[in-house]
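Novice: Now for the letters of each chain:
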Amino acid sequence: MKRLKNLASLLTRPRPPVGTTPADVVHRENKWRLLRYRPDPGRAQKLQTPVLLVPSLINRHYVMDLLPGKSMAQDLVAAGHDVYCIDWGTPGDEDRFVDFDEVCDRYLGRAIRHVARTSPRNKTHVLGYCLGGTLATIHTAARPEHVASLFLLAAPVSFTDEGALAAWTRSPQFNVGSIVQGFGNVPWQLMQSAFHMLRPTLTMAKAVGVIDRAANDEFLDGFLALETWGNDNVAFPGECYRQYIEQLYRGDALMQGTFSLSGIPARLENIECPVTSVVFEHDNIVPWQSAAALVDRVSSKDKVLLKLPGGHVGAVVSKAAQKNLWPKMSAFWAERDDAAPEPKRAPPPAPSAPRQKRPARAAKPSRPKSKASATG
Amino acid sequence: MIWDLWKKAFYAWEDTTAKYLETWMKSPLLLGPSGLMLGGAMKAKAAYDKAASNWVGNLGLATKRDQERALHVLNQLESRMIDLEERLAELKRKDDGRT
Numbered sequence: 001m002k003r004l005k006n007l008a009s010l011l012t013r014p015r016p017p018v019g020t021t022p023a024d025v026v027h028r029e030n031k032w033r034l035l036r037y038r039p040d041p042g043r044a045q046k047l048q049t050p051v052l053l054v055p056s057l058i059n060r061h062y063v064m065d066l067l068p069g070k071s072m073a074q075d076l077v078a079a080g081h082d083v084y085c086i087d088w089g090t091p092g093d094e095d096r097f098v099d100f101d102e103v104c105d106r107y108l109g110r111a112i113r114h115v116a117r118t119s120p121r122n123k124t125h126v127l128g129y130c131l132g133g134t135l136a137t138i139h140t141a142a143r144p145e146h147v148a149s150l151f152l153l154a155a156p157v158s159f160t161d162e163g164a165l166a167a168w169t170r171s172p173q174f175n176v177g178s179i180v181q182g183f184g185n186v187p188w189q190l191m192q193s194a195f196h197m198l199r200p201t202l203t204m205a206k207a208v209g210v211i212d213r214a215a216n217d218e219f220l221d222g223f224l225a226l227e228t229w230g231n232d233n234v235a236f237p238g239e240c241y242r243q244y245i246e247q248l249y250r251g252d253a254l255m256q257g258t259f260s261l262s263g264i265p266a267r268l269e270n271i272e273c274p275v276t277s278v279v280f281e282h283d284n285i286v287p288w289q290s291a292a293a294l295v296d297r298v299s300s301k302d303k304v305l306l307k308l309p310g311g312h313v314g315a316v317v318s319k320a321a322q323k324n325l326w327p328k329m330s331a332f333w334a335e336r337d338d339a340a341p342e343p344k345r346a347p348p349p350a351p352s353a354p355r356q357k358r359p360a361r362a363a364k365p366s367r368p369k370s371k372a373s374a375t376g
Numbered sequence: 001m002i003w004d005l006w007k008k009a010f011y012a013w014e015d016t017t018a019k020y021l022e023t024w025m026k027s028p029l030l031l032g033p034s035g036l037m038l039g040g041a042m043k044a045k046a047a048y049d050k051a052a053s054n055w056v057g058n059l060g061l062a063t064k065r066d067q068e069r070a071l072h073v074l075n076q077l078e079s080r081m082i083d084l085e086e087r088l089a090e091l092k093r094k095d096d097g098r099t
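In order, the protein sequences belong to chains A and B. Heads up, the first sequence is in my numbering, so the first residue is 1 and it goes up one at a time. Heads up, the second sequence is in my numbering, so the first residue is 1 and it goes up one at a time.
To be clear, the hints were calculated from the coordinates, so they are not data collected in a lab. Bear in mind the structure is a predicted one, so any value in this text is a computation, not a measurement. Some hints could be false.
[Said to hold, decoys possible] The calculated lysine-lysine pairs, modelled on BS3-like cross-linking and capped at a C-alpha distance of 30 Å, are:
1) Lys307(A) / Lys328(A)
2) Lys319(A) / Lys8(B)
3) Lys46(A) / Lys94(B)
4) Lys70(A) / Lys307(A)
5) Lys26(B) / Lys206(A)
6) Lys323(A) / Lys2(A)
7) Lys307(A) / Lys94(B)
8) Lys26(B) / Lys31(A)
9) Lys7(B) / Lys31(A)
10) Lys206(A) / Lys7(B)
11) Lys7(B) / Lys2(A)
[Claimed, not checked] Which bits of chain A does chain B cover? Going by a derived footprint, with three or more residues having C-beta under 8 Å, they are:
12) 2-13
13) 105-115
14) 132-139
15) 142-154
16) 191-204
Every residue, glycine too, gets a C-beta built ideally from N, C-alpha and C.
Whole structure, please, built from the sequences with the hints as guidance.
Specialist: Here's what the structure looks like:
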């Protein structure tokens with residue numbers, strides 16, 4: 001009876017509150033913001049090294065803070081971590097010219113430095129989810145100096161897999177240049193329909209799942225929160241998308257060692273900090289092999305590959321994740337909280353240092369960049 | 001009981017159908033024409049936007065692309081200023097540490 005009542009009221013049921021853990025905006029630039037979750041006033045902060053959460057560029061950040069009592073950020077704060085999160089915001093039409101260097105070096109680098117400055121080690125732990133993990137990996141490979149450790153959730157680094165997304169983007173008829181030229185920023189609707197086509201029957205399967213568990217209010221709230229998040233996406237900045245597809249998907253530049261960030265080679269072998277890569281067995285967006293490839297390539301002595309059951313989103317935000325994955329993350333950072341400072345080595349120049357080519361790109365953004373200059 | 005049996009059958013069907021559709025989704029027979037269609041539509045849209053923009057430009061007004069470029073450059077300038085602030089703060093911290 002309750003099942004029927006809940007199903008009948010599904011359309012009028014109030015949407016559960018998402019992303020409600022109290023947070024302060026500590027930095028704002030262009031459309032992105034850096035949030036700091038407020039520490040629990042009743043508890044002392046136990047750990048010295050802060051944690052920076054890097055979500056995907058095309059999804060809202062509140063997947064890390066989904067529902068009160070079911071929030072990764074809230075759980076980490078409660079465990080004594082100082083937690084920061086990037087909210088990438090919604091790109092405007094002018095952001096079609098924002099490129100990979102700008103996002104991955106300038107913006108992410110600024111967030112990492114900002115967070116690292118609050119720690120006595122001048123370092124921060126970085127958690128990257130999906131494309132956010134790829135960005136964090138590339139940044140760490142090029143500029144490792146402020147990254148204490150990398151914790152990656154379904155972060156693709158190898159793009160030679162047999163997945164549908166890789167097949168579509170490798171197709172010679174897929175003209176990424178004309179898409180960027182036509183749309184500017186790549187609309188989220190286009191990307192979402194591509195994700196739907198990865199498993200066209202998923203909507204029906206979800207409907208059957210909802211009918212089956214409709215009597216459970218907690219499940220329904222979680223489902224609606226996840227659907228709210230899943231339908232609240234953002235466009236991909238055009239130039240950044242073009243580089244992502246051409247260099248990472250088609251050129252597999254990360255695995256080939258040819259990718260560079262602001263002219264600095266981003267070789268996976270440069271990563272020496274502790275690394276944990278979590279991959280999901282039934283992930284049809286990021287095939288697990290695509291994310292697992294990182295662990296074999298980094299030079300870190302402290303590295304772990306965790307293969308868990310579940311899909312791309314459910315396995316990160318589900319009740320099972322709250323019981324198993326989130327405590328593992330917290331323990332990983334707690335164990336590496338007071339690591340001895342590493343010997344200093346000369347860091348590559350910060351993005352603020354004078355560089356040679358960038359003003360030209362701002363003046364003529366539509367000029368196609370040659371692969372040689374893009375990959376260094 | 002009936003519901004459980006139906007559910008089992010549904011998930012079996014869903015899994016088989018999804019696998020079948022996945023092979024189709026990766027087939028060049030589908031990817032080729034759909035890629036061409038998308039590319040063609042995008043080229044047509046870009047050509048229309050260019051014609052509209054030329055018309056506006058001929059009136060002596062700033063086109064959408066001009067405005068986008070100007071806004072992007074402003075954003076970049078803001079970013080460079082934050083870079084400078086960051087460097088100054090870093091120098092100040094080092095200076096304070098020395099004294």
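Novice: Quickly compare the C-alpha distance for Lys46(A) and Lys94(B) to 30 Å and report which way the hint goes.
Specialist: Given that 30 Å is the threshold and the Cα spacing comes to 28 Å, the pair holds.
Novice: Tell me whether the statement that chain B covers the segment 132-139 of chain A is true, taking a Cβ distance below 8 Å and needing three residues at minimum.
Specialist: With 0 residues in contact (Cβ-Cβ under 8 Å with chain B), the coverage given for the segment 132-139 of chain A is violated.
Novice: Is it true that the CA of Lys7(B) sits at most 30 Å from the CA of Lys31(A)?
Specialist: With Cα atoms ~45 Å apart, Lys7(B) and Lys31(A) exceed 30 Å; violated.
Novice: Examine the segment 105-115 of chain A for residues whose CB is less than 8 Å from any CB of chain B, and state whether their number is three or more.
Specialist: holds (count 3)
Novice: Holds or violated: Lys307(A) and Lys94(B), Cα atoms, limit 30 Å.
Specialist: 44 Å, violated
Novice: Holds or violated: the segment 142-154 of chain A covered by chain B, criterion of 3 or more residues with Cβ-Cβ distance under 8 Å?
Specialist: Contact hint for the segment 142-154 of chain A vs chain B: violated, 0 residues under 8 Å.
Novice: Quick one, are Lys26(B) and Lys206(A) close enough, alpha carbons at most 30 Å?
Specialist: Distance ~23 Å between Lys26(B) and Lys206(A) Cα, so the pair holds.
Novice: For the pair we were handed, Lys323(A) and Lys2(A), check the Cα-Cα distance against 30 Å.
Specialist: Holds, at about 28 Å.
Novice: Checking one constraint from the list: CA of Lys70(A) to CA of Lys307(A), max 30 Å. Satisfied?
Specialist: Holds, at about 22 Å.
Novice: Take a quick look at whether Lys26(B) and Lys31(A) sit within 30 Å of each other, Cα to Cα.
Specialist: 36 Å, violated
Novice: Are the Cα positions of Lys319(A) and Lys8(B) separated by 30 Å at most?
Specialist: 23 Å, holds
Novice: Examine the segment 2-13 of chain A for residues whose CB is less than 8 Å from any CB of chain B, and state whether their number is three or more.
Specialist: It is violated, with 0 qualifying residues against the three required.
Of the hints listed earlier, those the structure fails to meet are numbers 7, 8, 9, 12, 14 and 15, in rising order.
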